[in-house]
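Peer 1: Sequences and hints are given; from them, build the entire structure.
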Amino acid sequence: MKKRVWLSILVILSVSLLTFSPSAFAKPLKVGFIDAYSGPASVYSNDVVDAFKLEMDKVNAAGGIQGRQVEILKRDSKFKVDLSLGHAKEMIMRENVDILAGTISSSVALAISNLALKEKIPFFVTFAKSQAITAEKGHRYVFGIAENTTMAGKAAAAVMAKKPYKKYWIAGDDYEYGHAIAESTWEMIKKINPAAELMNQTWWKVGEPDFTPYITAISSAKPDMVILALGGRNLVPFLKAAKATGFADRFPIWTHTATELSNLRALGKDAPLNTVGTSNYHFYYPETPANENFVKEFEAAYQRKPAVGALYGYLAARYIIEGYQKAGKVDSEKLIDAIEGMTVDSPVGKVTLRAYDHQALLPMFVGVTASDPAYPDFLIAKDIVTVPGEELVLSVEEVKKLRGK
Amino acid sequence: MENLTLNALFQQILIGLSRTTILFMVASGLTLVLGVLRIPNVFHGSLYMIGAFLTYTIAQYFGFGTTGFWVGLAVAPLLVALISIAIERGILRTLYDREHLMLLLFTFSISMVLSDAVKFVWGAKFRSMSVPPFFEGAVDILGMPFPRYNLFLLCLGPFLAFGLWFLTNKTKIGKISRAASVDRDMVDAIGINVSLVFASVFIIGCYLAGLGGALIAPMQNITQGMDHDIIIEAFLIVIIGGLGNIWGALLGALIFGLTSSIGILIWPQFSIVLPYIAVITVLSFRPNGLLKSVW
Amino acid sequence: MFNGLFSKKSFGLLILALIVLALLPQFLPRFYIYLLAVILVAGLLATSLNVVLGFGGMFQFHHGVFYGFGAYTAALVVTKAGLSYWLGFAAAPLTAALLGLVMGIICIRLSKLYFGMLQISLGSLVWVVVFRWYDLTGGDDGIHGIPLPDIIYSTTGGYYFIFAVTSVCLLLMFLIACSPFGRTFQAIRDNPERCEALGVNVRRHQLIGLVFASFFAGIAGALFVVAEGSVFPDLLFWSLSLEILIMCLLGGWFIFLGPLFGAAAIVTLRIFGSTYTDYWSAVLGVIMMLTILFLPDGILGFFRKKTIKSEE
Numbered sequence: 000m001k002k003r004v005w006l007s008i009l010v011i012l013s014v015s016l017l018t019f020s021p022s023a024f025a026k027p028l029k030v031g032f033i034d035a036y037s038g039p040a041s042v043y044s045n046d047v048v049d050a051f052k053l054e055m056d057k058v059n060a061a062g063g064i065q066g067r068q069v070e071i072l073k074r075d076s077k078f079k080v081d082l083s084l085g086h087a088k089e090m091i092m093r094e095n096v097d098i099l100a101g102t103i104s105s106s107v108a109l110a111i112s113n114l115a116l117k118e119k120i121p122f123f124v125t126f127a128k129s130q131a132i133t134a135e136k137g138h139r140y141v142f143g144i145a146e147n148t149t150m151a152g153k154a155a156a157a158v159m160a161k162k163p164y165k166k167y168w169i170a171g172d173d174y175e176y177g178h179a180i181a182e183s184t185w186e187m188i189k190k191i192n193p194a195a196e197l198m199n200q201t202w203w204k205v206g207e208p209d210f211t212p213y214i215t216a217i218s219s220a221k222p223d224m225v226i227l228a229l230g231g232r233n234l235v236p237f238l239k240a241a242k243a244t245g246f247a248d249r250f251p252i253w254t255h256t257a258t259e260l261s262n263l264r265a266l267g268k269d270a271p272l273n274t275v276g277t278s279n280y281h282f283y284y285p286e287t288p289a290n291e292n293f294v295k296e297f298e299a300a301y302q303r304k305p306a307v308g309a310l311y312g313y314l315a316a317r318y319i320i321e322g323y324q325k326a327g328k329v330d331s332e333k334l335i336d337a338i339e340g341m342t343v344d345s346p347v348g349k350v351t352l353r354a355y356d357h358q359a360l361l362p363m364f365v366g367v368t369a370s371d372p373a374y375p376d377f378l379i380a381k382d383i384v385t386v387p388g389e390e391l392v393l394s395v396e397e398v399k400k401l402r403g404k
Numbered sequence: 000m001e002n003l004t005l006n007a008l009f010q011q012i013l014i015g016l017s018r019t020t021i022l023f024m025v026a027s028g029l030t031l032v033l034g035v036l037r038i039p040n041v042f043h044g045s046l047y048m049i050g051a052f053l054t055y056t057i058a059q060y061f062g063f064g065t066t067g068f069w070v071g072l073a074v075a076p077l078l079v080a081l082i083s084i085a086i087e088r089g090i091l092r093t094l095y096d097r098e099h100l101m102l103l104l105f106t107f108s109i110s111m112v113l114s115d116a117v118k119f120v121w122g123a124k125f126r127s128m129s130v131p132p133f134f135e136g137a138v139d140i141l142g143m144p145f146p147r148y149n150l151f152l153l154c155l156g157p158f159l160a161f162g163l164w165f166l167t168n169k170t171k172i173g174k175i176s177r178a179a180s181v182d183r184d185m186v187d188a189i190g191i192n193v194s195l196v197f198a199s200v201f202i203i204g205c206y207l208a209g210l211g212g213a214l215i216a217p218m219q220n221i222t223q224g225m226d227h228d229i230i231i232e233a234f235l236i237v238i239i240g241g242l243g244n245i246w247g248a249l250l251g252a253l254i255f256g257l258t259s260s261i262g263i264l265i266w267p268q269f270s271i272v273l274p275y276i277a278v279i280t281v282l283s284f285r286p287n288g289l290l291k292s293v294w
Numbered sequence: 000m001f002n003g004l005f006s007k008k009s010f011g012l013l014i015l016a017l018i019v020l021a022l023l024p025q026f027l028p029r030f031y032i033y034l035l036a037v038i039l040v041a042g043l044l045a046t047s048l049n050v051v052l053g054f055g056g057m058f059q060f061h062h063g064v065f066y067g068f069g070a071y072t073a074a075l076v077v078t079k080a081g082l083s084y085w086l087g088f089a090a091a092p093l094t095a096a097l098l099g100l101v102m103g104i105i106c107i108r109l110s111k112l113y114f115g116m117l118q119i120s121l122g123s124l125v126w127v128v129v130f131r132w133y134d135l136t137g138g139d140d141g142i143h144g145i146p147l148p149d150i151i152y153s154t155t156g157g158y159y160f161i162f163a164v165t166s167v168c169l170l171l172m173f174l175i176a177c178s179p180f181g182r183t184f185q186a187i188r189d190n191p192e193r194c195e196a197l198g199v200n201v202r203r204h205q206l207i208g209l210v211f212a213s214f215f216a217g218i219a220g221a222l223f224v225v226a227e228g229s230v231f232p233d234l235l236f237w238s239l240s241l242e243i244l245i246m247c248l249l250g251g252w253f254i255f256l257g258p259l260f261g262a263a264a265i266v267t268l269r270i271f272g273s274t275y276t277d278y279w280s281a282v283l284g285v286i287m288m289l290t291i292l293f294l295p296d297g298i299l300g301f302f303r304k305k306t307i308k309s310e311e
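Residue numbers (numbering that gives the first Met the number 0), protein chains in the order written: chain Z, 0 to 404; chain P, 0 to 294; chain C, 0 to 311.
Hints listed in this document are in silico derivations from the structure and should not be mistaken for laboratory results. Honestly, I wouldn't trust all of these hints.
As the list claims (entries may be wrong) - Quick list of in silico lysine to aspartate or glutamate cross-link-like pairs, EDC-like style, CA-CA up to 20 Å:
(1) Z:268 with P:135
(2) Z:204 with P:228
(3) Z:189 with Z:397
(4) Z:221 with P:139
(5) Z:79 with P:228
Peer 2: Here it is in structure tokens:
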């Protein structure tokens, strides 16, 4: 009797799950976000979708896009490629999303980009930075809203190559982003300073729990400078260990986004000082009205200062909104044609989406971590040097070559 | 490899040994349960993870100071032991007569539930706590800075080994459980409450898992997935050591800990492969494990 | 054990099921065709495990290795060697069977729990190599956008291919199970010492069974590439292997179609469960516990027992 009851419940549950399906009759304009909403990387991802939502709420209040209300769907990628692909397929085939967006993991981004090409759905990459996204593996349906590894590497190399460093060590996360950023940075350093030599490389897995043995091994080699190819998942934990073991004091280190608010806020008093970092956004710099307004609005809505993810989310929203406006109707092909080459206003100035490879030409801010009495809870970046996006990206010719054209 | 100086090697060995303490603690608990109760306890890893999370929360309650750490270290494993008692008396006990496969799958199912329970209670964000102020900083060993906390773990190892030896060889419960692992019917026939013995051994094993988690908490990130990482390592250590053999677990932990830390020095790109190669090598020559398995 | 398949009533049901499955893509929305394809692949995989688990009584704890190995073979043949998918499809079961043979030779000297745990160790080594050999396998990123021939590139085309291959493979496995080899294999499960005494080379039979199982797992891996277009190292991870075990158990491991049924249940739960709740892992765990406690013969096993009882 007990078994039969339990069995019937199971059958009913399965059948109802199978037949339940979201209503096909409401017609909102669906944007599906796939990102790491759990785990260490969620500090970044939340800013993206929050800023995106802020813009979309304004549009919805004014009547929506072409009369359709924008609905934002979220799925947790958990930084895993197989889960993300499953979610993407589900959102495309079952929810019929019009646009895909996300994600912070470069591996996930490339996998979804592939799917987006197959399904002909525009995919806005709102954080992942691997150059491959818009260069080697770029295509009509993918848009790089964040800076890419080439840009970060060039900006950092320009600063580092000026210092008297000769022996470099590369250490980082063993995945797409880690390898991409290490490569572009090192290539740039070699170009500027041919005498630089690479002692060796250390790669650990994404989600590596204990960095101590790696830190001690690298320390014993005594490099002049350590290039840390750290991604969203390992960055905060590693920098914490770097400070705790004194590694950050003994060796100059650079990691992309070391000066970024999401990281410094998460690290708090455990953030290492004097670390070189590159970032696309600071809420305190540049001190323009556009930036100040942006910060005020975001803070009013979410009770925290915006970090770089908010900039990406904002940009993605603006391209979509203004793109559909220019296109005149909700059609993916028309949207893509409309936003190629489009320039939008943003807290960091005007940002153009390059037509050939769909890469947003974001400026880069290179700085050093330092403390500031105005902000007791986290470090900020000082000595900021701004490099415009156009100077950092690969030329269209170079992209063409990478794509094998 | 210009960094392969003797000093560097020595330091990596020490780091490896400090990691061995934790591996040994977790693996010995697993092998105890496996040897005496014949249960491959997959949720052993989940208990380790819970131990780490609990230590974090307790330390946080006390403001992450030195007191918080010691209280956490003392209390967290006890809480873990309590959870294991609940599970054992509640559901596990009914399955002792079932085949190993069922037990393995059942403990795997429990680990899935526990893993989500942790996610439910603590959320999906990772935690990290710093080493308590007492253990901050590094000690100079042969010109290389060696983290104090790792030194603490290193010293803890021999105490742990001694404690376990004492438990299994000199105490009554230890001797009875060794007998029960070889021939439980005989022990039953003598009139000893086998069920009670099993429960005690299980609790001790789980306590060790919790303690391992508590000790690792200041050293690494406390995240989801900790359970998966540790359980596979623990099982491999138990296999190469010999099922149910505590000294085998020590040997296996040494092999595992040392090969991974030395590997990082010698072959940084592929260091994770080395412990597995060591496992395969051992098993090729001694398929039943290095030391005698209890069955 | 599986003779229920050939009785008149269930044979008719089987033909009906095949016809329905063949016609479904005409009616169902794309997502459900994709779902069915995934279920069929999982069902093939679970049945291949059951060859050694249910029929052979071997503690195959890391069957996923052969599956993942086959999938990666197919993927690498296409992406790295630039050859056609059909070659990859042919190569996958062969490399998987080879791996099965090699691992089998090492593990077969042990039995029961020890066999299983040794297999987990060896399988984990394979996983580690695939996971860390970034230049070859892309490591944690996996391999994506694997080009497929046009016929099977679309969701429907892929489904038909998977449906055809799975049906053929299931039939083959059924025939193996019914054959004299299959019967000996089951006898070994029930009483290995007796078989040994009767002059049966137990180890050799188990090894052959292992090779068969890994062969079909390799095919399932190649089919995975068609269904998803990507491969990831998780295919070789031990928790997936335990999930396949769960599929066999849930469906009923003494019944030939049990694992297929279990696979359908688990895959459906996974896809829908993870959309509606963050804790589907716990849900699956609870279902497993309930199954082990109350339905040790699996769902189909439970129904079969009832049919037998009512017939008496």
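Peer 1: List, from low to high, the hint numbers that the structure doesn't satisfy.
Peer 2: No hint contradicted; all consistent.
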